[in-house]
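Engineer: Spelled out, the chains give:
Protein chains: 4
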Amino acid sequence: MSQARLLITCTDRPGIVAAVSGFLTQYHGNITALDQHTTDPDRGLFFMRVAFEMPGTEPPGNWLQTEFRQEVAEPFGMDWHLAFAARHKRMAILVSKPDHALLELLWRWSRGELPARIAGVISNHPENQDAVETFGLPFHYIPVKQGAQAEAEEAMLEQLAAWGVELVVLARYMRILSPEFVDRYPSRIINIHHSFLPAFAGSDPYRQAFDRGVKLIGATAHYATSELDAGPVIEQDVIRVSHRDGVADLRERGREVERSVLARAVRWHLEDRIAVWGNRTVVFGT
Amino acid sequence: MSQARLLITCTDRPGIVAAVSGFLTQYHGNITALDQHTTDPDRGLFFMRVAFEMPGTEPPGNWLQTEFRQEVAEPFGMDWHLAFAARHKRMAILVSKPDHALLELLWRWSRGELPARIAGVISNHPENQDAVETFGLPFHYIPVKQGAQAEAEEAMLEQLAAWGVELVVLARYMRILSPEFVDRYPSRIINIHHSFLPAFAGSDPYRQAFDRGVKLIGATAHYATSELDAGPVIEQDVIRVSHRDGVADLRERGREVERSVLARAVRWHLEDRIAVWGNRTVVFGT
Amino acid sequence: MSQARLLITCTDRPGIVAAVSGFLTQYHGNITALDQHTTDPDRGLFFMRVAFEMPGTEPPGNWLQTEFRQEVAEPFGMDWHLAFAARHKRMAILVSKPDHALLELLWRWSRGELPARIAGVISNHPENQDAVETFGLPFHYIPVKQGAQAEAEEAMLEQLAAWGVELVVLARYMRILSPEFVDRYPSRIINIHHSFLPAFAGSDPYRQAFDRGVKLIGATAHYATSELDAGPVIEQDVIRVSHRDGVADLRERGREVERSVLARAVRWHLEDRIAVWGNRTVVFGT
Amino acid sequence: MSQARLLITCTDRPGIVAAVSGFLTQYHGNITALDQHTTDPDRGLFFMRVAFEMPGTEPPGNWLQTEFRQEVAEPFGMDWHLAFAARHKRMAILVSKPDHALLELLWRWSRGELPARIAGVISNHPENQDAVETFGLPFHYIPVKQGAQAEAEEAMLEQLAAWGVELVVLARYMRILSPEFVDRYPSRIINIHHSFLPAFAGSDPYRQAFDRGVKLIGATAHYATSELDAGPVIEQDVIRVSHRDGVADLRERGREVERSVLARAVRWHLEDRIAVWGNRTVVFGT
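Protein chains in written order, with the working numbering: chain A, 531 to 816; chain B, 531 to 816; chain C, 531 to 816; chain D, 531 to 816.
No lab work stands behind these hints, which were simulated from the structure alone.
Backbone N, C-alpha and C define an ideal beta-carbon position, used for all residues, glycine too.
Mixed in with the good hints there might be a few duds.
[Claimed, not checked] Looking from chain C toward chain A, a few residues come up when the C-beta cut is under 7 Å (computed): (1) 728; (2) 729; (3) 742; (4) 743; (5) 745; (6) 763; (7) 765; (8) 766; (9) 768; (10) 773; (11) 777; (12) 810.
[What the hints assert, rightly or not] Residues of chain D clear of chain C, computed beta-carbon distances all greater than 10 Å: (13) 543; (14) 562; (15) 628; (16) 655; (17) 688; (18) 759.
[To be verified] Computed list of chain C residues with no C-beta within reach of chain A, every gap over 10 Å: (19) 557; (20) 592; (21) 593; (22) 599; (23) 627; (24) 645; (25) 649; (26) 705; (27) 758; (28) 781.
Pulled out of the complex, with its shape left as it was, chain A reads as follows (with noise of 0.2 Å):
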C-alpha cells in the first residue's frame, strides 16, 4: 500500500466530504485519518486533510492528481496539495552561530523523526560547518557582508532554487530576511522566535522577559512573513521560571523550548498537516 494525504482549503458548502470521500472510494483508496474544521458553517472557510492508502507498492502517477483537479477540486473551488509519504519534501535549513535549534533537527532527521530530505545548510558564519559535515549535508557558507545583504540573498536564494527546495527553516537565522526573500516561499518558511509571541517580538527577547519580569518564557514557530516576527503561528510553548534566572539562564532553559517547538513545527509542515487561514493557522491530528 501506499499512504498520501490530501491538504484541502476552500468555501464552505455542502457536500464537500461526501465528493472527496467518493472519489476516494472510486479509486480504491482507504482513508486512516480524516480531520475536518470550518470557520463558519454559514459562508466560512472549510479545511480538511485526509489521510489515505492507495493500492499498489508504488504511489500513483499523475493521473490521481489530474483526476482529483478535474472531477473533485475544480467544481469545488479548491486550494488543495496532494502528496505521498514516500516522497519526502526537500528542505534547506538556514542559521547563523547558535547550533541548538539547528543540531536537534539534524539529530532527529537523522533518526527518522523528520520525514524530509535535507538538501543542505546555509550559514552566515562558518562555526557550524563541521557539525553539518558530520551528518553528512553539505554546508554553503555565505557571509553578509556590510550593506550586501541583496547580494548575499541573491546567492542563498540560487542555491535554494539549484537544491529544488520546498521548505526553508530558519533555525536561529539571526539576519533579516527581505520580502523580497521572504515572498519567494509563502508559507514555506518556518521561522523560530524565541519568545511567546507577540511578547517580546524583536531582538534580545530573553533581554526583554527579564526585563518585565515574566514568570514563564516561551518560543514561537511560524511562517515568515514580510513583516518581522508576526507571521502565522504554527506552535507555541512555555516553561517556567523565577526570580532567580538571570538572562544567561533564560537564554539557556529557552532552548529547550525552541528546539521542541521548531522541531514540532517542521515535522507538521513535512506531514502536510498545517493549513494557513489569514494570519492563523489550522494544524490538523497533532
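Once you have looked at the hints, place chains B, C and D on chain A.
Structural biologist: Below, chains B, C and D alone, put in the same frame as chain A:
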C-alpha cells in the same frame, strides 16, 4: 439550523466516510467538523465523530435515525449514536463529603459550560444538601449503613431510573460501587480518581504519592468498570509539587487538578466526543 | 508555638543571614524555612524570607519588633515586615460582573485555603450580591456613573479605609482605577489580567489572542501600578488552545487559568512570600 | 572571589542557621543564596543549601573544611558536603544502544551547561563509540556476556575507580545492575526511567502505557538503589499523548522528556542541590 453529531465505531473497510457523508449530503446535512481515527488500516477499528447541521429549527424526527440505520449503519455493522445538540443528556452526580468536584460541575453547568440536564445529586452524607439546593437541584441523601450496601445501591438505582439518567458522574463518591451497579451503566459512569492512574490506585492516593516522593501529582477521569480504578481513561493531568508539600498540601493542590480534569471529561462525554475501545478511549476534537 | 515570618529587603553585604538568624536564636526562635536571594553579590539587593516558631501559644508582643528594629533592621538599612501566621491580613475584593475569579477566592477562603480575613466585596454592579452574602460577607454596590469616576473611587477608598484593609484584590474589576487610587495601596493591590502579559495588554485580550492566532492563552496576576497592565508580575500560567476555539471558547477556557493564577498570587501575598524589586517580584518558597 | 556551596542534613534544633551563617561571616564568606527546609520543627530533619563567596581567586585550602567540621558540623551532628564551583565533579556515563539521553548530556556539557568533568562513557554495545569520541571523550565497550554479568560489572567498577568517578549516570543503560554495584555509589548513581514512576516500573514502559491507555506519558530521574526503579525520585515530567499515538509514537515523543528530565537531574546533582531523605529527595533552589 439544528446541530447534530454522529459517533460511529465499526470494523474498518473502504468507503465508510463516503457512505456517511453521502448520506448526510442526500438529506441536506452540512458537515461542520469531522474527526476520524483508524487503529489499523488492515482489519482495524474505525472511529468517527461527525458534527453537522440539518435544515429547520427543530431537530428532525426519528426518520433520520431510521434511514441512517437502514442505509448506512446496518450494512457496515456500526455501533453508532446520533445526538442533537439541542437535547441535553440527563445526568446525575454522586458525591460524598468533599464538595470541590461537585461544586465545580454545578458552577460550570450554571454558566452554560456543561450541556446537560442535571437531574439531581445523590450523596451518602447530608453535608452538601444546601449547596446543591442553591443551584435549584434536588438532593437525595442515601446513607450506606454497615452491611447494607446492597440496599443503598438499590435505592440509588431506583432514583437514577426514575430520573431517566443517561450519565452518572462520581464526583468524589468515596464508596466502592458493586459490579452489579457499575454494569447497569456501561461507559456511562465517569469517576474522578485523585492520582495519575495506574499509579496510586486504591485508597488515599495523596498519602501514597507523598510516601513515594513523586514530583508531580495528578488526577484521572475514567469510565467506571467492575474492576476498581481500572476502567478506560478519559483525561489526566498533573501539577508540580515539591519537598515542601506535606500530605495536606498535596490534597489541597490536587483538588484543583481533580476539578478541571473531571469537568473536561464530563463535557466531552456530553458532547459525544468519546468512543471506548477495549480499555482505552478515543477522544475527538478537543 | 507561634508561627511567624520575616520578609526582608536590603543592600547586600556580608553578615546579614548571621545577624538575623543570631537574633532569632537569641530570642528562642526556631527557623523552619528560609529562602534567600541576592541579585548580585557585589552591591546587589538582598532578599530573604524566614519562617520561624516562637515559644508560647500567643504571638509575642511588639517588643520583638522593637528589638529587631534596633538590633538588626536599622543597622543593615532593611525594608522589613514581620507577620504572625495567627493574625490573618485584612483583605477586600473588587469585582464587576464576571464572578469566576471572585467565587474561586471565596470558595478557597471558606475552606481555609486562603489565610485572610475578608472584610467584604465592592462591586460596580449589583449582580454578585447574593453570591457574596451566601458566604456571610458584606457586599457594597458602588456604581460608577458617567463622569463620576472620582466620586466612586472616593467612596471605595472610604470603605476600604473603614475596613482597615491591607490587601485589595481586583478579581476582574473592569474599570481602570486612577493613579491616585492605586498609589494608596502600593504593592498591595493584586490584579488578574486575562492574558499572558505583556502580550495583549488593554481591553478584550481574548479577542486580541484570537486575532493573532496564538496557540496558548494565559493569565497574569500582578501588582497594580499607575501604568495599566504594567505592574510587577506575581504569577502567570497558560493553557493550550487550537484552531477549533473561537473567542467565546478562549474566554471560557481562560477562566480556569485566571482563577488558579489569581488564587495562587493572593495566597502567596497573604503568606508574605512576595518581595517587589523595581518592576519584578521575588516569590519565595512556593 | 571563589564560589562555594554547603549542603547540610541534620536533626533540627534551634540555632543551626545562626551557627552556619556565623561561621561563614567569621571567615569572610558572603552568602549569595540560601535555601532551607525542615520536615518537622519538632524533632524533624533539617536540610540546608548555602551558596557563598570566599575572598581570593583560588578556593581556600582544606583548612576551611577542618574548621567547619570542628566548629559547626560535629557539634550539630551534621551530614555535610562542601564543594567549590571551580572544581567540577568527575562523572561517567553508562549507556546501551539508545543514544538520545547520552547525546543530550554530551551536547549540554560541551556548551558549558553541565558543570562536570566527564571522565568517559561505558557501554555494553559498541554503537555509540564514534559519537562519544567526537566529543573528545574515551569510550569503553564492556559487553555483558551470557551468565557473565558479575565479570562485566567488575570491569566497569575497575574503570570507574580508575577514573575516580564521583557520579555515575545511567543514560538508558538497559541492564539491571546488581545490588553490589549499586551500593558502591550510594546516592551517586542517577538513572532515567522512561515512565512516570511508580506507574510502569520494569521493562517496556511505553508498551505498558499504551496498553493502559494513559493520556500523558512521562519520565523519571532517580537515584538507583538495590530495588529496581524504586529509588528516590529527583525529577519527573510528562507530555500529553492521544489515541493517535501508537507504541512507536510514545517511544519517540518520550525521548524528548527523558532527555530533559535526565539533564535537569544531573545538573542539580552537580550543583549540590539534592539531599536524600529516606526514599525522597529535597531539591533546592531550581
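Engineer: Hint by hint, note whether the structure agrees.
Structural biologist: Outcome of the hint check:
1. Checking residue 728/C against chain A by beta carbon gives a least distance of about 5 Å; that is within 7 Å, so the hint holds.
2. For residue 729/C, the suggested interface contact is upheld, since its CB lies about 4 Å from the closest CB of chain A, less than 7 Å.
3. Checking residue 742/C against chain A: minimum C-beta separation of about 6 Å stays under 7 Å; hint holds.
4. For residue 743/C, the interface hint holds, the least distance from its beta-carbon to any beta-carbon of chain A being 3 Å, beneath 7 Å.
5. Taking 7 Å as the C-beta cut-off, the interface hint given for residue 745/C holds, the closest approach to chain A being about 5 Å.
6. Restraint check, residue 763/C versus chain A: the minimum CB separation of about 5 Å is within 7 Å; hint holds.
7. With 7 Å as the threshold, the beta carbon of residue 765/C comes within range of chain A, its nearest partner Cβ sitting at about 6 Å, so the hint holds.
8. Taking 7 Å as the C-beta contact cut-off toward chain A, the hint placing residue 766/C at the interface holds, the least distance being around 5 Å.
9. At about 6 Å, the closest approach between the beta carbon of residue 768/C and any beta carbon in chain A falls short of 7 Å, and the interface hint on this residue holds.
10. The beta carbon of residue 773/C is positioned within 7 Å of a beta carbon in chain A (closest approach about 4 Å), and the interface hint is therefore held.
11. The interface hint given for residue 777/C is violated, since its Cβ lies 12 Å from the closest Cβ of chain A, which is over the 7 Å cut-off.
12. Annotation: residue 810/C was flagged as interfacial toward chain A, and the flag holds, the nearest CB pair being 3 Å apart, inside 7 Å.
13. Distance check on residue 543/D: its Cβ comes as close as 8 Å (rounded) to a Cβ of chain C, failing to clear the 10 Å threshold; non-interface status is violated.
14. Against chain C, the non-interface label of residue 562/D is violated: not every CB pair exceeds 10 Å, the least being about 5 Å.
15. No beta-carbon of chain C comes within 10 Å of the beta-carbon of residue 628/D; the shortest separation is about 29 Å.
16. With a minimum CB-CB distance of about 38 Å to chain C, residue 655/D clears the 10 Å threshold, and the non-interface call stands.
17. Every beta carbon of chain C lies more than 10 Å from that of residue 688/D, the smallest distance being close to 43 Å; the non-interface claim holds.
18. In this structure residue 759/D is separated from chain C by more than 10 Å, as the shortest Cβ-Cβ distance comes to about 29 Å.
19. No Cβ of chain A comes within 10 Å of the Cβ of residue 557/C; the nearest lies about 29 Å off, and the non-interface call holds.
20. Under the 10 Å C-beta cut-off, the non-interface status given to residue 592/C relative to chain A holds; the minimum distance is some 31 Å.
21. No Cβ of chain A approaches the Cβ of residue 593/C within 10 Å, the least distance being about 33 Å, so the stated non-interface status holds.
22. With a least beta-carbon separation of about 26 Å from chain A, residue 599/C lies farther than 10 Å from that chain, consistent with its non-interface assignment.
23. The Cβ of residue 627/C sits about 28 Å from the closest Cβ of chain A, beyond the 10 Å cut-off, so the non-interface label holds.
24. In this structure residue 645/C is separated from chain A by more than 10 Å, as the shortest Cβ-Cβ distance comes to about 22 Å.
25. For residue 649/C, the non-interface assignment is confirmed: its Cβ lies about 29 Å from the closest Cβ of chain A, beyond the 10 Å cut-off.
26. Every C-beta of chain A lies more than 10 Å from that of residue 705/C, the closest at about 25 Å, which supports listing it as non-interface.
27. No Cβ of chain A approaches the Cβ of residue 758/C within 10 Å, the least distance being about 14 Å, so the stated non-interface status holds.
28. No beta-carbon of chain A is positioned within 10 Å of the beta-carbon of residue 781/C; the least distance is around 18 Å.
In this structure, the hints that do not hold are numbers 11, 13 and 14, in rising order.
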